[in-house]
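> Residue numbers (my numbering), protein chains in the order written: chain A, 1 to 74; chain B, 1 to 403.
Heads up, a few of these hints could be off.
To be verified - To give a feel for the contact side, a few chain A residues facing chain B, derived at Cβ under 10 angstroms:
{"no.": "1", "residue": "Ala20"}
{"no.": "2", "residue": "Asp28"}
{"no.": "3", "residue": "Gly30"}
{"no.": "4", "residue": "Glu56"}
Unchecked claim - Computed list of lysine-lysine pairs in BS3-like fashion (alpha-carbon distance at most 27 angstroms, straight line):
{"no.": "5", "chain 1": "A", "residue 1": "Lys57", "chain 2": "B", "residue 2": "Lys116"}
{"no.": "6", "chain 1": "B", "residue 1": "Lys307", "chain 2": "B", "residue 2": "Lys44"}
{"no.": "7", "chain 1": "A", "residue 1": "Lys57", "chain 2": "B", "residue 2": "Lys362"}
{"no.": "8", "chain 1": "A", "residue 1": "Lys57", "chain 2": "B", "residue 2": "Lys111"}
{"no.": "9", "chain 1": "B", "residue 1": "Lys203", "chain 2": "B", "residue 2": "Lys91"}
{"no.": "10", "chain 1": "B", "residue 1": "Lys44", "chain 2": "B", "residue 2": "Lys111"}
Calculated from the structure, these hints are not laboratory results.
No residue lacks a Cβ here, since even glycine has one placed at the ideal position from N, Cα and C.
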Amino acid sequence: MKIIIDRQACVGHARCQAVAPELYPLDDNGYIDTDGFTVPEGEEASARRGARACPEKIIRTVNDPSGKDWPPKA
Amino acid sequence: MSTVQKVARPDHVPPGLVVDFDFYRDARYEPGDPHAGIAKLVAKAPPVFWTPQNGGHWVLAGHPELFEAVRTPEVFSSEKQGLPPTSYEPKQVPINSDPPEHEIYRLPLSKAFSPKAMLALQDDIRQLAVELIEKVRPEGRCDFATEIAEPLPVSIFMKLMGLPLEMLGEYRVWVNELLASGVPEVRGEALRKIGVGMSSIIKARTDQRRDDLISRLLDTEIDGRAVTFEEMQSYCLLLFIAGLDTVMNGMCFGIRHLAKDQALQAKLRADPALIPEAMEELLRRYTFTMPGRIVARDHEAFGVQFKKNERVLLMLPAADLDPREFENPLVFDLDRENKVHIAFNSGPHRCVGSHLARLELKILYEEMLSRIPTFSLDPERLAQTHGGHVIGFDSLGLVWDRS
Chain A
1 MKIIIDRQAC
11 VGHARCQAVA
21 PELYPLDDNG
31 YIDTDGFTVP
41 EGEEASARRG
51 ARACPEKIIR
61 TVNDPSGKDW
71 PPKA
Chain B
1 MSTVQKVARP
11 DHVPPGLVVD
21 FDFYRDARYE
31 PGDPHAGIAK
41 LVAKAPPVFW
51 TPQNGGHWVL
61 AGHPELFEAV
71 RTPEVFSSEK
81 QGLPPTSYEP
91 KQVPINSDPP
101 EHEIYRLPLS
111 KAFSPKAMLA
121 LQDDIRQLAV
131 ELIEKVRPEG
141 RCDFATEIAE
151 PLPVSIFMKL
161 MGLPLEMLGE
171 YRVWVNELLA
181 SGVPEVRGEA
191 LRKIGVGMSS
201 IIKARTDQRR
211 DDLISRLLDT
221 EIDGRAVTFE
231 EMQSYCLLLF
241 IAGLDTVMNG
251 MCFGIRHLAK
261 DQALQAKLRA
271 DPALIPEAME
281 ELLRRYTFTM
291 PGRIVARDHE
301 AFGVQFKKNE
311 RVLLMLPAAD
321 LDPREFENPL
331 VFDLDRENKV
341 HIAFNSGPHR
351 CVGSHLARLE
361 LKILYEEMLS
371 RIPTFSLDPE
381 RLAQTHGGHV
391 IGFDSLGLVW
401 DRS
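So that you can see chain A by itself, here it is in the shape it has in the complex (with noise of 0.2 angstroms):
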């Protein structure tokens, strides 16, 4: 599984971060501070969870093992 970030698109609401610290790291400012990576094997669920939890939606994710990836298509 996948997460891919449309990092120039994030406004800092840092919410990711706030659902799945782990995973979502920002920079000093409260932006996050990747394009994306590969969800290490267990932490799939924490990273639907930070996907989901963004209000811009551009936090996607690809290969969700549940089948549905985020966000859905219109």
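Model the placement of chain B on the given structure of chain A, informed by the hints.
Frame of chain A, contents of chain B only:
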């Protein structure tokens, strides 16, 4: 009754999109529970409608429509936000900025209000919360709005900014006039008075720095050069207004809900780790700010013709109760699958104070729940609320067993 005349429907606004809604004092707002009225409005009105009130303006009440509008600043500009339009509305950066200028002015504030920077305040926040709560605890009753919700965030904010605490009462009056009056002359005069107050403090800190935010902002660089006096005035006016009324009302809406839901109180007392989740669902359920925008150019969207210079109200509370986005939106559901709200708005103008707000709310709920026994609404003092750009409480009576 509004003192501003109702405006006639412009030709390009279809009659079917007209809804008479006065966001300051609409009859739909139920006293003590404005969201009940907002929900009724959401159920009946189209997601984008036009109101003849407050100078005549569009309202974006639907979640997807609002979501798109806030990331289209070239059409929905932040240059003017206050409704009804007033002749005196000084430009405040960055709230009245659009890209690319927006980011330049926003950056020093993002730094100053970052999650990390705000955590440094948590002991001060907790100490003040405990002080205020312990003062009322033996009484078995309080007006939560005036005795706890008002002084707590305001004092923290004034401390952070380096504003003189003796001015607390006066500042609150000015903010109320600005945000809840709806009368253009009163609002304009309040803006002017606040501006004068801020200018004198900026001058004082220019002469002598202290360990506060105004001093730090004075030493900030904007785009590689020193900040100007006008820019400082702008920052201070904005931060003054933004910090005083908002968290107070967030707290009141949350506590009022808890006062009516004692099972939820019990659940959170038993497991305080649930408080952050509860806080988010409370923010969604009772989103309480409604910023404005001005149309920068003619534009067609959402089946509507927007004309240049028209005003738009971003009705965030309606968006967070939109059944297209949230199933059973009026239900407070701690386990709701989608709790993602836009109470702090969305897009580039996301509330820069959101990290401070969340920290204060969390600490307030923690201390209220751990120090005050099961509380309920005071039947002898009904909650009083008001509408406007910030929907809020004038009073919120609580009672509990003081034994």
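> Could you work out which of the previously given hints the structure breaks and list their numbers from low to high?
1, 10
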